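Using the hints provided, position chain B relative to the given structure of chain A.
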Amino acid sequence: MKQPFGRHANISRRTLLSTGIAALATPMLARRAFAAPTELTMLAWYGHAEPDVVAEFEAENNVKFVPKYYTGGDNMLGLISQSDPGTYDVILSDAEYVQQLNAAGYIEELDPADYNFADYFPEFQQFPGHWQDGKLYSVLTRFGFLGVSYNTDALTEAEAASYDVYWNEKLKSKVGHFDWHLPNLGQMSLASGNATPYDIDAAAWQEVQAKTLSLRSQVGGFFDYGGTFSSLENGQMLAFAGIGDWITGVLQKNGAKVATRIPDEGGLQWTESFSIGKGSTKAELAKKWIQYVTSAKGQVKSANMAAYPALIPSQKGWELLNKELPEEAARQGMVLGKSNVMDMIRSGQIHYRQLPIQQGLDEWNDFWSEYKSA
Amino acid sequence: MRRSVSLYGLTFSLPLLLWQLVFFVSPLCFLVALSFWTVKNFRMQPDFDTINWVTMYGRSVFWMAYAKTMAMASFAAVLTSVLAFPLSYAAAFKLSETARRWAVFLMVIPFFTSYLVRVYSWQIFLSDAGIINVMLGWIGLGPFHLLNTVGATMVGYLTLAFPLVVLLQMFSLVFVDRTLIEAAHNLRSGRIRTVFAVVIPSARVGLVIAALFCFILSFGDFVSPIYLGGGDPTTLSILITDTTKSGQQWPRAAVIAITMIITLLAVAFMAVRFAYKGRTK
Numbered sequence: 001m002k003q004p005f006g007r008h009a010n011i012s013r014r015t016l017l018s019t020g021i022a023a024l025a026t027p028m029l030a031r032r033a034f035a036a037p038t039e040l041t042m043l044a045w046y047g048h049a050e051p052d053v054v055a056e057f058e059a060e061n062n063v064k065f066v067p068k069y070y071t072g073g074d075n076m077l078g079l080i081s082q083s084d085p086g087t088y089d090v091i092l093s094d095a096e097y098v099q100q101l102n103a104a105g106y107i108e109e110l111d112p113a114d115y116n117f118a119d120y121f122p123e124f125q126q127f128p129g130h131w132q133d134g135k136l137y138s139v140l141t142r143f144g145f146l147g148v149s150y151n152t153d154a155l156t157e158a159e160a161a162s163y164d165v166y167w168n169e170k171l172k173s174k175v176g177h178f179d180w181h182l183p184n185l186g187q188m189s190l191a192s193g194n195a196t197p198y199d200i201d202a203a204a205w206q207e208v209q210a211k212t213l214s215l216r217s218q219v220g221g222f223f224d225y226g227g228t229f230s231s232l233e234n235g236q237m238l239a240f241a242g243i244g245d246w247i248t249g250v251l252q253k254n255g256a257k258v259a260t261r262i263p264d265e266g267g268l269q270w271t272e273s274f275s276i277g278k279g280s281t282k283a284e285l286a287k288k289w290i291q292y293v294t295s296a297k298g299q300v301k302s303a304n305m306a307a308y309p310a311l312i313p314s315q316k317g318w319e320l321l322n323k324e325l326p327e328e329a330a331r332q333g334m335v336l337g338k339s340n341v342m343d344m345i346r347s348g349q350i351h352y353r354q355l356p357i358q359q360g361l362d363e364w365n366d367f368w369s370e371y372k373s374a
Numbered sequence: 001m002r003r004s005v006s007l008y009g010l011t012f013s014l015p016l017l018l019w020q021l022v023f024f025v026s027p028l029c030f031l032v033a034l035s036f037w038t039v040k041n042f043r044m045q046p047d048f049d050t051i052n053w054v055t056m057y058g059r060s061v062f063w064m065a066y067a068k069t070m071a072m073a074s075f076a077a078v079l080t081s082v083l084a085f086p087l088s089y090a091a092a093f094k095l096s097e098t099a100r101r102w103a104v105f106l107m108v109i110p111f112f113t114s115y116l117v118r119v120y121s122w123q124i125f126l127s128d129a130g131i132i133n134v135m136l137g138w139i140g141l142g143p144f145h146l147l148n149t150v151g152a153t154m155v156g157y158l159t160l161a162f163p164l165v166v167l168l169q170m171f172s173l174v175f176v177d178r179t180l181i182e183a184a185h186n187l188r189s190g191r192i193r194t195v196f197a198v199v200i201p202s203a204r205v206g207l208v209i210a211a212l213f214c215f216i217l218s219f220g221d222f223v224s225p226i227y228l229g230g231g232d233p234t235t236l237s238i239l240i241t242d243t244t245k246s247g248q249q250w251p252r253a254a255v256i257a258i259t260m261i262i263t264l265l266a267v268a269f270m271a272v273r274f275a276y277k278g279r280t281k
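Note that the protein sequences, when read in sequence, are chains A and B. According to my numbering, the first sequence is numbered sequentially starting from 1. According to my numbering, the second sequence is numbered sequentially starting from 1.
Only chain A is shown next, with the shape it has when bound in the complex:
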């Protein structure tokens, strides 16, 4: 069957070139008929600018998100400090880093009247750290709890109801750590009986260190984001410290036998919020995005985000979630009128994850490195 190939040889080079160029240019010409979408840059944790969250907003506003993903607040601060002002239009940050962003002048002041705070649960209308001297700098969009994450085949929920389970004999070399000092040491602080896990004096800090070191022989490894997923999924680790439903929820949805229990000693809360980058030339559009993601339908998308699920602060969001995705609402404990996650916050069982107050961040991090090599 050489015929078709041979026939090509009859086409002159010029014809081929001109046809080729015309063919290549056609989509360009067709695209000219529509206005080119405006690019909006977003600095965020992985998943926030993926189609399951942003597709609708992009289509409605003729916007194309250009995400830059980071892992961890320090990584985020590093990326911003190395870029020119205005590089990022919207910035997603964990609560404890909003103050750092603000102190360094990386984010714009926001007008509270622009956002649906009235729809939020009262606890989240004036979230600490997002406001400075009565001025708003960041809008809370989602949050989640950190507790004892465990393999449901290996442990019962009752066993996971206390941090003491990490020291359980059957978990020798089977306890994993998410490799970041802040959530792990916060949990150890709660396990040591500190009511304010991040605001502890020198004596209590000594105790937290001793308690943490006593766990070392139980530890099977220190894992990053990907390693945490795989070692929980393949049963290599049977309990995990420093994480919560943001990891186990994803695995659960895919059929893995894992869960997270907020222990009786209390749990931690991580919180994500959106800010507008200083010097953004598309601040108006960025504002529109924050309005969208904090509206009821945006909140539902956020709660059910494919990369990692989360709790949402908007009551209107809860209502819509219960209507559209009742199973997910129940799974995450966001059912109105029943015992739900707000009760846990209101009973004082949940503490915000923060930077250490009485010690330097260096001190916590240095101890973490020492613990790892112990």
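It cannot be assumed that every hint is accurate.
Okay, derived cross-link-like pairs now, DSS-like style, lysine-lysine, Cα gap no bigger than 25 Å in a straight line [what the hints assert, rightly or not]:
1. A:Lys172 / B:Lys68
2. A:Lys278 / B:Lys40
3. A:Lys68 / A:Lys278
4. A:Lys297 / A:Lys257
5. A:Lys170 / A:Lys135
6. A:Lys297 / A:Lys323
Far from chain B by the CB rule (all over 12 Å, computed), these chain A residues [as the list claims (entries may be wrong)]:
7. Glu58
8. Tyr69
9. Gly86
10. Thr87
11. Leu101
12. Leu136
13. Asp201
14. Trp205
15. Asp224
16. Gly279
17. Pro326
18. Tyr352
19. Trp368
I should point out that these hints are in silico values taken from the structure, not numbers from a laboratory. Computed from a predicted structure; not experimentally measured. Beta carbons: idealized from backbone N, C-alpha and C, even for Gly.
Chain B in isolation, oriented as in the chain A frame:
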């Protein structure tokens, strides 16, 4: 007689020089300068302060990580060389020209897949419920704790360096003068003794360079210690990520990186000296 600098000569040497300056010397200088910067409230400030050096070198964690990384990389270099040698020996001396070409091709194939993917797939073999333990279970053994151990990290280092070491060893063995081997046999030297007394000394340069490459790759590797070793023990590469993960301590991470570069240069220098020791050419 001094050689004059000609435009012709410059045309060929300048791009290389510029390349080295732009992509090696200047980043290195920046790294050195960075190690003297300070960090206040998450923000790096240009400075000239030895605090980062004093802090890092004063920490036992750093020296522990240094010793362990050094030991693991050295062991990997020896282990890989020993395991690779029979294969490269067979390929160099026992295979036909065509079969050897196939052997080279097979050794190159692993580089087609990302190293990260290959390491992740080892998890499927090594985990407690993984392929190896399941197979051992059939004969009533195990399960053994294989993943998140130093042994698993070694498997990762082998995955990284083994094909390259085989290739380097093979190329040096191929060029061993066959008449020397024949002479050894004629002088009634046994096969094993010939390998140790003639083949290995003749191929020393290639064998040492192969081991050196394995050391360099393992010493700086982050993927295997974290994904197969479970981040335990802390290697220098893990310590770098730890350091940058808290409070933007890039200057301290620079101290670790510079120490690693100096170590590698020293090891490479010593290895090359050893390799060429006593050679007249």
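Exercise. Evaluate the condition: distance from the CB of Gly86 of chain A to the nearest CB of chain B exceeds 12 Å.
Key: holds (19 Å)
Quiz prompt | Least C-beta distance between Asp224 of chain A and chain B, which was stated to exceed 12 Å | solution = violated (6 Å)
Quiz prompt | Status of the stated non-contact between Tyr69 of chain A and chain B (beta carbon gap over 12 Å) | solution = holds (16 Å)
Self-check item: Interface-negative label, Leu136 of chain A against chain B, beta-carbon threshold 12 Å
Solution: With a cut-off of 12 Å, Leu136 of chain A remains clear of chain B, as the shortest Cβ separation is near 22 Å.
Exercise. With a cut-off of 25 Å on the C-alpha distance, tell me whether Lys68 of chain A and Lys278 of chain A pass.
Key: Measuring from Cα to Cα gives roughly 16 Å; hence the hint holds.
Quiz item: Does the claim that Trp205 of chain A lies off the interface hold, with its Cβ farther than 12 Å from every Cβ of chain B?
Solution: holds (16 Å)
Quiz prompt | Verdict on Asp201 of chain A as a residue remote from chain B, using beta-carbon distances over 12 Å | solution = holds (21 Å)
Practice problem: Quickly compare the C-alpha distance for Lys170 of chain A and Lys135 of chain A to 25 Å and report which way the hint goes. | Solution: violated (51 Å)
Practice problem: Assess, step by step, whether the Cα of Lys278 of chain A is no farther than 25 Å from the Cα of Lys40 of chain B, and give holds or violated. | Solution: holds (21 Å)
Exercise. Below or equal to 25 Å on CA atoms is what counts here, so check Lys297 of chain A against Lys257 of chain A.
Key: violated (30 Å)
Quiz item: Does the claim that Leu101 of chain A lies outside the interface with chain B hold up, using a Cβ gap greater than 12 Å?
Solution: The claim is violated: Leu101 of chain A sits with its nearest Cβ about 9 Å from chain B, within 12 Å.
Self-check item: Given as non-interface: Trp368 of chain A, which should sit over 12 Å from chain B by C-beta
Solution: It is violated; Trp368 of chain A is separated from chain B by about 7 Å at its closest Cβ, not greater than 12 Å.
Taken one by one, the earlier hints fail for this structure at numbers 4, 5, 11, 15, 19, listed in ascending order.
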